[in-house]
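Based on these hints, arrange chains B, R and A on the given structure of chain S.
Protein chains in written order, with the working numbering: chain S, 1 to 106; chain B, 1 to 199; chain R, 1 to 89; chain A, 1 to 137.
Hints in this document: simulated from the structure, not taken from any laboratory. Just so you know, not all the hints are guaranteed correct.
[Claimed, not checked] Label-pair distances were calculated between CB atoms; the ranges are:
| # | chain 1 | residue 1 | chain 2 | residue 2 | range |
| --- | --- | --- | --- | --- | --- |
| 1 | S | His82 | B | Arg35 | 26 to 36 Å |
| 2 | A | Pro16 | S | His82 | 19 to 29 Å |
| 3 | A | Thr58 | S | Asp4 | 49 to 59 Å |
| 4 | B | Gly106 | S | Asp59 | 47 to 57 Å |
The C-beta atom is built at its ideal place from N, Cα and C for all residues, glycine as well.
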Amino acid sequence: MILDILSWIAIAIGVFFVLVGGIGLIRMPDLFSRMHPAGILDSTGAGFLLLGFLLQADDWLVAVKLVLIFVFLLFTSPVATHALAHAALLDGLKPWTKERKKDSES
Amino acid sequence: MDKRAQEGLRVIELYLNIILLVFVAATGIAAVWLRNLLASAMVLGIYSLLMAALWVVLDAVDVAFTEAAVGAGVTTVLMLLAIALTGRHEKRRRARPWLPLATSLGTAGLLIYATLGMPIFGDANAPAQLHVAPYYLLQGEAETGVPNIVTSVLAAYRGFDTLGEVTVIFTAGMGVLVLLTGATRRRRNTAAPTEEDSA
Amino acid sequence: MFFAAAAAIIVAMLLALVRAYAGPTVYDRILAVNHIGTQTVLLIAAMGFITGRPDFLDISLLYALINFIATIAVLRYVKRGRVKADTES
Amino acid sequence: MSDFLVLRVIAKLLIPFILLFGFYVQMHGDYGPGGGFQAGVIIAAAFILYAIVFDVNTARRMAPMAVLVSLACLGVLLYAGVGVANLLYGGRFLEYGAFAHDPAHGNHIGILIIEIGVGIAVAAVMMIIFFSFARRR
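Bound conformation, chain S alone:
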């Protein structure tokens, strides 16, 4: 019962982060600011959701697989975002600032 409540709380937090990340992906003004919801909130949301699933797992193999998924996401997602930001910066994409809002409206 305690486990159920804990997992519900974790899933609720995860749902919140996933939704906010999706909204941020739409609302943010340019690529580098969009990277924050897409990268950070995505990873936290995935982490909390997987934690919630983990507390519901009744088989140790399932639990191990969930932990592995979390570990791989933890490795790949931030690295992909980092490489993306690096490539975009090398490509000459300028970060959005309030002063430059006029000429680089995206």
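For chains B, R and A alone, kept in the frame of chain S given last:
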């Protein structure tokens, strides 16, 4: 799981199917619509992700696995390589493609008309479910010692078909090899020898 | 509770799809594809728990590994200095 | 990709896991989802990731085209050879039950071997296609 929960599950799966199918259709239209081929390739990557989710909802785990392995990883890479070899922008056509449009719309209409005669989705009395499928489901594990029915059907009952499939894949690989490396060699003979493999 | 998670993931997927179609630069699209990949991993895991068949997790695991490759490949083969050209189309 | 240090470290870390997962899918195909085809693609994907992140030439030296072509042939021949072996054991072509006294056991052995053949062939063909596309750049 009691009956009501099962009914609720079925309704939720139905809605998931509909939502994912709408996403898939939108993705397909967007892939055709976009002029930038790089963007099209990425949209097709999304398409395969959505298809895999759809296969999972439809309970076709093995197909989802194939879609995950081929669609997400390898196909995107190959498409990007092809785009890097050719060009990034679709050529704009002058002529209006009325005949192809009419043909595809007509075919689609005929196919949709044909689906009206098909048994209901998931019908237990459909002809496809009555012929050999029950035999495989009942006898498959006992006869082959393999719990995964899909593997036993693919590898044992339909082993000859799978041999043909592997041969097709092999032939495709050999064809690509002969076409691409043969062209390079010919060009190298005519032109001045350049630095090889500067990828 | 898994239904709520699946619904939220679907909504997040929809938002990322909008970004993938609208995204002004190639990099926005790559970001959206990566985001949708993560959402798919979560959706498949949630579906495994909803239908009570956690062997779906193999597919999630595969996606968590493979989705990386597509993202990196796009980064590798995007030619430099073409962002302006992409914003026009 | 020489200036992506983080990417290279993480790729180096991930590639063994991708290969391991490929072998897991190969050997676990009779109990869970997956099988030879998927395993071959996953193993090829690991090599492709290496070629993308590091260097196509190094990857090509690691898996030379001659070896890949022989592996592709070997995979198909392994599959067909199982069928011929069934003939020699006194069964019909691809009737694996002839391998052991118990037909179910023989079927299991036959399925495992042909799945390995499929995996080898598919992995080799995928890498052949990738390398011959990458060669032309």
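Flag every earlier hint the structure violates by its number, smallest first. none
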